[in-house]
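Please model the entire structure based on the sequences and the hints provided.
Residue numbers (this note's numbering), protein chains in the order written: chain S, 1 to 266; chain H, 1001 to 1138; chain A, 2001 to 2455; chain B, 3001 to 3568.
Derived DSSO-like pairs (lysine-lysine); straight-line CA-CA distance at most 27 Å:
| id | chain 1 | residue 1 | chain 2 | residue 2 |
| --- | --- | --- | --- | --- |
| 1 | A | 2085 | B | 3081 |
| 2 | S | 50 | A | 2079 |
| 3 | S | 45 | A | 2079 |
| 4 | H | 1135 | A | 2066 |
Don't read these hints as lab results, they were simulated from the structure.
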Amino acid sequence: MKTVTLTLENPPELYLEGQNITPDNFAGKTAAELAAIDIWEGKLKSPLGKHFAVAGNGGATAADTKIVLRGDCTRVKRIGQQMTAGEIVIEGNADMYIGGWMKGGKIHVKGNVDSFCGIGMEGGELIVDGNAGHHLGSSPRGEWRGMQGGVIRVAGDAGNDTGTFINGGTIIIGGDADIHISTHGEGGTVIVKGNAKGRVGGQMVKGDIYVFGEIENPLPGFKLVGEVEQEVDGVKGRFAHHIGDLGERHPVSKGKTVYANLYTQI
Amino acid sequence: MAKKITLNMITQRSVEEGVGIVKGKMTPDYFEACSIIEMHDDDVKALGLVPNQLVRVTSECGDVIVKAVKGRQALYPGLAFIPQGVYANQIVPARTQATGEPQYSGFPVTVEPAPVGERRKSTLELVQRAVGMWKGDQ
Amino acid sequence: MAKKIENVGCPFCGVCCDDLVVTVSDDGKKILEVENACIIGSTVFHRAMEDRHALPRLRQPDGTYKEISYDEAIDYTAKVLQKAKKPLIYGFGSTNCEGMAAAAKVAEKAGAVIDNCASICHGSSFLAIFDNGYPSCTLGETKNRADVIVYWGANPAHAHPRHMSRYSIFPRGFFTGKGHKGRKIIVIDPRHTDTAQVADIHLQVKQGHDYDLFDAFRTVLRGHDIPDEVAGVKKEKIVEAVEILKKARFGTIFYGMGLCHSDGRNHNVDIAISLTRDLNDFTKWTIMAMRGHYNITGPGAVWSWQYGFPYCLDLTKRDIAHMNPGETSSVDLAMRDEVDAFINIGTDAAAHFPIEPVKHLRKHPWITIDPHPTMATEISDLHIPVGIVGVEVPGIVYRMDNVPIQYRKVIDAPDGVLNDEELFERIYQRLCELEAEDAAKTPAKTTPEGVRAGE
Amino acid sequence: MSELLIKNGFVFDPLQGIKGDRMDIAIKDGKIVETNTLSSPSVIDAAGMTVMAGGVDVHSHVVGPKVNVGRLFRPEDKLFKSPFKTCNRMEMGFSVPSTFKTGYDYARMGYSFVNEAAMPPLHSPHVHEEIRDTPIIDNAAMPVFGNNWFTLEYLKNNEIENNAAYTAWLLRATRGFAIKVVNPGGTEAWGWGLNCDNIHDPVPYFDITPAKIITGLIETNEFLGLPHSVHLHCNNLGNPGNYTDTLDSLRLAEGYTPKNNFGRDQVMHITHVQFSSYGGDSWKNIDSQAKTIMDYVNSHDNITVDMGQVTLDETTTMTADGPFEHHLQSLNNLKWVNTDVALETAAGVVPYVYSPNVKVSTIQWAIGLEIALYSNDLMRTFITTDHPNAGPFTRYPRVIKWLMSRAARDETMKTFKWLNRTIESTTIDSIDRELTLYEIAQMTRAGPAKALGISNTYGGLAPGMDGNVAIYALNPENMPSNPDMIESAFSRCAYLVKDGIVAVKGGEIVAEPPKRTVWVDVKVPENAQVQRDIYEHFLRHYSVGVENYQLFDEHLHNPRVIEVDTTQ
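So, in structure tokens, the structure goes:
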């Protein structure tokens, strides 16, 4: 695997839109060629090299390409958007849409990220050591086919609207989650290791949610049906099993109504 | 020691504020319509306020002096109301939950009797002072 | 001889009353009397002639304003737009659709973000509509058919004074000959509002917990049990209300800022839409946003047919439009310091934004386009006066139910004052000239491409 | 004085019976003229290419409130799907394109006239605002009548003359073009959450049957002598077994003959008939009854139809058939917009995915093609996708490819998951017919223009007609062996001349000639009763004043009036 290192030397006044920073785009390009690819600041299009020092060449394919971002990328959006393979490491913070519409490969952010990260995700792995903003692993506006696959792992807290319209894949939040988890969900799994503020599983059709801590405001549409012993993300525990959202439609499979499952640790 | 309570604040339209807007935000109508707070009687009592006493309302992002009045539209204890507009917006948190809309309703504030000598500021003073353009009453 | 003008539309709220009668002086310059309007609407007309400027005013180094010509103001605006990397054009609650279309042309040419007051008002409704649709109707349907009316987080007694009498609670329609007597009214609000005074049932929901209450309604509707109390409302009251909804022949849920401005925002509307849809399995139900300004529905319509998005349009890439409230919404752009010029038109951002984003925006050039002095004009670099739509300028506005209403002109604007459409057309022309001048200087300049990774 | 000569093309003009002759077309000041009247024209060399009149679309949802809500509520229809800007304005959206993209894309396909399929009268100012912003193509819009309270009340009492006077008033008030009827009676019933299941199911309260609404409107239409006929979206549309209801509706036209001065021969146009040609009694056993329907149509000259071809795309359904959209939503559980319009109509909008993996979708695809392939008279059978209901209009070239090439049909069928079930449930696999360029010209310009009653202006190349000419890079004497080339030639025409101005060249927009709004102004005798009824309904039941309801002239864009005088 070949590594390209981008060091942010000339930060933007506003924000940079770096949707071209993906192993797919970097593959087969030399450092000099990479310095010439487009990056946007508002309506201004510039070569990547205007803002970043580029070291190293891309690999032959996306899978052979690793991109390391250094410097303060707090104001850089869309890194790794639509990537299909390869690896990205962001040494510090990053802004919005990190790993948006990601299909494969791996992104590791060592700091925090802002909202809309991992939206429309179909596959791959997005790891955030810090906190995430709102709409983590959610669906883009209006799209009913939300997260389809892959894994999102956030060590810290997440904002509101985690996994809206989730259809598949797994989101693991190490800390607390704000309101709205798996709203409109029709599959997939969200695991909250800390507390959840409320509106957990609202309008949910199918899928699983685990909350290890407390739910401050549980919804009336979820009903306790029993207790189960399960291993969740490598941890064994006893959980209270609720089904819901009883206010929402539910499919019938083999004569049985399928509900969404909410497990809270006992 | 001055009393101080925490309430849940909402800021919404009132018809007086509507009239004030179309008359002009620098008119007395607007000033009287918007620089007020309504609370439940229990909370007014807890603060030991007399009718029309000035209070200081403080949120996570600022504070404003307004007059505590008895409104027609009853609130439950713990809920407070300032009509939408310049006064409310001194304390409304700009956080949007990634929707674009600020937290106009449902944010914690503390309410306390205004310190002696404090007054309700004019709309012009509030806005111009916030952006460093206030030159004082000319 | 005074002249009576009939069928005049009211330029205040989204009720868009079109039955006003305005008496104007013989010379067509003064408004003498306004009939049929509410107190706010009538004040709009009476204040129209006061406190007006005939020329743009530019802020001087000493902080005062100096009058300049329209040509100078247009040149200034075009240059601000051209120079900024990401200018924001925001407002449009009080302009006509012709003005909105012209402004969009300017934004597209200049590479700007263009947004309207829905961004801080019913933008959440759009987000909910994107996710869940909108089973609605025109207001005439409610008037002619509805026997159950719900106001949820809306207070028309204050915000839309003639709404209840024209369309919902009081009017006698084709199938509703008994008017108020034939209707059940449910008001759901944390306050006992003046609207709640006329309700048969008032549910005092715990502020910020409407979503939970909607979930309870839906759960009961599907025949499941709920806890004894949800969001401060007793189970019996919820069950009773659900029965009324189910037994209606035709119902409309009108909702307002109580849903859009509190925790969860769009999802409060989202689940209200789900409830409305569920109720259509039993009988006929519709839902409607209580839109605020008289033409705040307009930009959503115009920009949707022009770009496919109702608000928060990022046109900076010039090839394609991008929309994502939370990112491309005015308050978020301001708070994140993501824009570097601000044009405020047909609304008063300095009064209606929280003060924090105002401070952020004021770091950059700020131009206000408004008939009257406002809070925004008092902190602007430039104030460009324009005619008042619905008083001095005719045009199409969209009522809260998306019905277009053709508004009339009743008096002349002050001499020389442009309307919004003319102003934006001239800014557009000036931008084209500046672009041509630039192209002459740097012939090989490439145009930027769109946000379209993956292709 | 602008002059243009299109030289040496293979000309197809069914209105004149020209079948691919090599000839020249001359245009002067925007009109077709005899070639010998030109003095020094600019010349387009069309040698080796196909020359037709500008296309005419009989039925497409392109402007107005429900189209716009389709745009508004589907941001995902734009995401990563919009092309880069090459024209004056951005072009956004796939299944429901922006007005600018609509105009540009129709022009690129060689179209010059598009008839908006449904205008809610209360929203007519909105329709006209969008028409203004749809570049290049001329538009007309049909107000909906089939659930209008005035219409229901007059027809219930057999008051054809009053209904005619009201119709004339409404056409003028909305600057409308023709009488559109959508699920007659059923949409009014939807006001109470109900429907009319067949044409004899009476409308709640109004106590009139859909059948009577349909015949009453045919009588009204012929009483007035409008350019177009009644334009019907049948009851019980979209449901298995509905072909019997469709036949019932078709039979209602028996005995009626067209009376008009516009060259129209039909009294009823059945639109997107694919959706109304289903056999079976459930989604499990749905089958094609296209042949049954077309046998009837073939033997009755007073009927025209359009296809409503399913294109197997993700699209957005939208119709004034409110109960149908509600039903659709309950099938696919996707977001649902409904707008009931007081006293007049309703509208529903739901996204829909027609997938080659879904049996019903592929059966629908086959039924649509069968409609055209079983037609004996392609001057009465038109290409549409009921845009955007069965697919976006930008797929017309693909529909043409399927009609012109059995190989292309086979290629598509290979992708079907339920190929055998599709073949069993339809007859598509037994049809070898391949349509000719002449037949395509019938289906896409000459036929629709004649049915709309505008064939003196649009759809042909005779002297005196509008100078609207489409030139396609297809050589009839040497047609491409790869049918995909047919699709690409019709997608991006070599030239579109609109009113004598070259608007498209090499598939790209090069100019935006002014577009028109076409409407029908009918003069009727004074009718005091109808005036009184209008006054009463507006006073008591409408939510806007009658003066504000009628379109102001200032909101009508570049009008072209077709005048009808019934007083003589």
